[in-house]
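Protein sequences, first through last, are from chains V and P.
Residues 959 to 1039 (this note's numbering) are what the first sequence spells out, left to right.
Residues 37 to 805 (this note's numbering) are what the second sequence spells out, left to right.
Rather than coming from a laboratory, the hints here were simulated on the basis of the structure.
Warning: the hint list may mix true and false statements.
Said to hold, decoys possible - DSSO-like cross-link-like pairs, simulated, lysine-lysine; straight-line CA separation at most 27 Å:
hint, chain 1, residue 1, chain 2, residue 2
1, P, Lys283, V, Lys1014
2, V, Lys1014, P, Lys261
3, V, Lys1014, P, Lys804
4, P, Lys776, P, Lys734
5, V, Lys1014, P, Lys740
6, P, Lys370, V, Lys1014
7, P, Lys776, V, Lys1014
8, P, Lys761, P, Lys804
9, P, Lys460, P, Lys370
10, P, Lys370, P, Lys283
11, P, Lys639, P, Lys660
12, P, Lys385, P, Lys734
13, V, Lys1014, P, Lys761
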Amino acid sequence: MPISGVVIKCQMERLGELERELHRPGSVEISNVLGDGSLIAVIESASLEEEISLVKNIMAVQGVLDVRVAYHNFEDQLMAE
Amino acid sequence: MALSRRDFLKASAAAAALAAATGGRLGATDVHAAEGGIRWGKAPCRFCGTGCGVLVGVKDGRIVATKGDPAAPVNKGLNCIKGYFLSKVLYGKDRLTKPLIRKGNKMVEASWDEAMDLIASKFRESIAKHGPDSVAMFGSGQWTVFEGYAAAKLFKAGIGTNNIEPNARFCMASAVTGFMTTFNSDEPMGCYDDLDLGDTYFLWGANMAECHPVLFSRLIDNRLKNPKVKIIDFGTRFTRTSQMADKYIRFNPQTDLALLNAIAHIIVRDRLYDENFIRKHVVFKKGKTNIGYGLEDKFKFADDPKPMTFDEYREFLKPYTPEYVSKLSGVPAKTIEEVARLYADKSRKVNSLWTMGFNQHVRGTWVNNLVYNVHLLTGKICKPGENPMSLTGQPSACGTAREVGTFTHRLPADMVVMNEEHRKKAAEIWGVPAEKIPAKPTYHATEMFRALDRGDIKVLWVQVTNPFQSAPNLSRYRKGARKGGDRFIIVSDIYPTRSTELADVVLPSASWVEKEGFFGNAERRGQQWFKMVEPPGEARNDLWQTMELARRLGHGNLFPYKYVEKEMFEEYRKFTLGQGKDLAPYEAYTKARGLRWPVVNGKETLWRYAEGYDPYVKAGEGVKFYKNKPNDYKAVIWARPYEPAAEAPDRQYPFWLCTGRVLEQWHTGTMTGRVPELKRAYGGAVCEIHPEDAKRLKVKHGDKVRVTSRRGSIVLTADLRGRGKAEKGNVFVAFFDENKMINELCIDAYCPISGEPDYKKCAVKLEKA
């Protein structure tokens, strides 16, 4: 199960709404809200496919300007392969 | 995985993201303790030309994790979505692990000795029978500096032919000739810091949000902090970039030439220019016009520059009134006026950024010249936060193809084979007689594949690229490759591709952190990395492969190194010292997160030609274009007219076809195509059509459409709802899909000065399939 840490850059006026809208325990967990319009999130998923799909869905949400990846660990998946 | 370790990893993920987002003020920057057994090393990203820093985590000989490198100034700890599959591209199930030799229609496994003996014998035979110009090397901007340097040295100083080209000819050559004709030195004066410091950003033919996401994020961050910032997107297709820009300006294909002249027209007409800057730093010139399109084999062109006065330049601009250019371009005259004033606004720091829309253009050199004209007229150049900047699409298009000089006409550090002094200097460093390096360039990339088709080139070695999917007018060159006779093709790659399928020998290569490497990015930043994992099976790096051929051809003396990479780099560095392109000692790069040349006394240069930043500019000189000695150290404003595309829509083929990249797939998809998740996310190329055109053709979203040009025809799925939206009369198709090779439809017309083909404009028709 890959785990990644991402920074979600949001339109400031939608930051609060997006924090609630995007938070999904077990898949997208918002850990911090920053004053510059960024949300810090940990993404967990069953596969890399699901992980990329989650990120692409976040990118498509109105008010999300950008998603950037700070950390990605996929050792479980490699062991499974 | 134990729950506690998983919790540790989640905490590490959150801490790394928080640290990156806050510049290390918050979050733990050292999470290594929580990741027992993972060893981290630094490397630049393998994909585009941005040059993001990555920390690669290795455990038990495999890459198990990656992080944005918090110490990397380019991306400050954050990678784009491609960071997710950066390491996975190394672990595709069909990695090439053994050399393969063609026996009839089958590729049969062979030893390295058998493969290299066969290759060397074909080189020897061909050189003996047909001369050194019958053998060739085609590499890429994905070559490490060492690989490109070794190949150039072997071909130019060993074999004695200038038959070497990179695929950068297909994507960056017009940027090079633009820089050379205007400044007499390749590569930008500015750097990525301009993305944080400027006020106005004009994007020309660049979908930065998808193709350079980290750089686009820096623009967006700048805008969030500074409400004054404006992003203006000039395009022929509405993209994610257009959506996020403050203004999207749609223009008719090819009319960027006229638009830039109209902007200059207004600046000159209304005296918005910087007279002092022009007087001190600029000369005016004109060149030949009606220069052709290179459609015929062995096309030759030589420009004939003539000086002109500012008044003559003013006369040249007169026809480019906003009204005239509005009719041509489809951009309202009022908008052209506004844009010109925005460019000239003295209270704003102005930048222009571009990629393939300018470079893959039958007048690519001219359109590069024209954007420099605007910056030179207004004096908005060589200053922190205001510069023109050409972005690159491959990780070392600058570092290897351009700086090492792996083009037919080039030698390292801006030198060219046509110049006797340059040949002498190169020969001295390489330890060969000066007459060994031929004085005449041979074939640029398109002509190289034409020569293979004609049979003038017999033996072609392709490394780190996929030209039999990426060349324009592809069918001709694919057929040419398999015409037989004495033709013999070698392809080195990490996966089977549409090029390996045409090869007589396929060599399995090492990739990225499976070898020691060095890339140079688009802001002149050289970045080194060490080998971190072993390549699979018997795969070996391209540097070893080239040196092994050299040894077998009797040119082993060209590579007398013990620590190959370090000693080769120090030799290469000699070309750069004192030339305004100075590189630092190798050791410095092993520690730094890259350094921007010229690096003098250990200090990198952020802004070239600018006093206080560039050590070559003396106190009191302000700005000095010190590389342009032939023009009295001044930059050139060129009178370059609008001329039409090589092929435009007509009654029979009524649509423009534009090709390009998408976020999920990189280049010809040979690496990203190995990530099943990406294949499912964006598995096949589609045809973006404007809804009104689709309605007229009775085509719905998801229907099959046949796209046909004068050169080929393919069936694609119509896309009316994608992220990218075609303008009326235009269609867009990405070129990554090996099963839908859109480049078969592209015309092999090119800029006569740069030799770069125009992948952005040809005429097609559409039919419901």
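Do the hints match the structure? See the list:
Taking the CA atoms of Lys283(P) and Lys1014(V), the gap is about 24 Å. The hint holds against a cut of 27 Å. For a cut-off of 27 Å, the pair hint linking Lys1014(V) to Lys261(P) stands: about 25 Å separates their Cα positions. Among the hinted pairs, Lys1014(V) with Lys804(P) is inconsistent with the structure: their alpha-carbon atoms are about 31 Å apart, more than 27 Å. A hinted pair counts as satisfied when its Cα atoms are at most 27 Å apart, and Lys776(P) with Lys734(P) qualifies at roughly 23 Å.
A distance of roughly 26 Å separates the Cα atoms of Lys1014(V) and Lys740(P); the hinted pair therefore holds under the 27 Å criterion. As the CA atoms of Lys370(P) and Lys1014(V) are separated by approximately 38 Å, the hinted pair breaks the 27 Å bound. Simply put, Lys776(P) and Lys1014(V) have alpha-carbon atoms about 24 Å apart, close enough for the 27 Å limit, and the pair holds. Taken as a hint, the Lys761(P) and Lys804(P) pair is honoured in the structure, with Cα atoms around 19 Å apart against an allowance of 27 Å.
Restraint check for Lys460(P) and Lys370(P): not satisfied, since their Cα atoms lie roughly 55 Å apart, outside the 27 Å limit. With a C-alpha separation of about 14 Å, the suggested pairing of Lys370(P) with Lys283(P) holds against the 27 Å cut-off. Simply put, Lys639(P) and Lys660(P) have alpha-carbon atoms about 19 Å apart, close enough for the 27 Å limit, and the pair holds. Proposed proximity of Lys385(P) and Lys734(P) is contradicted: the alpha carbons are some 48 Å apart, above 27 Å.
With a C-alpha separation of about 18 Å, the suggested pair Lys1014(V) and Lys761(P) falls inside the 27 Å cut-off, and the hint holds.
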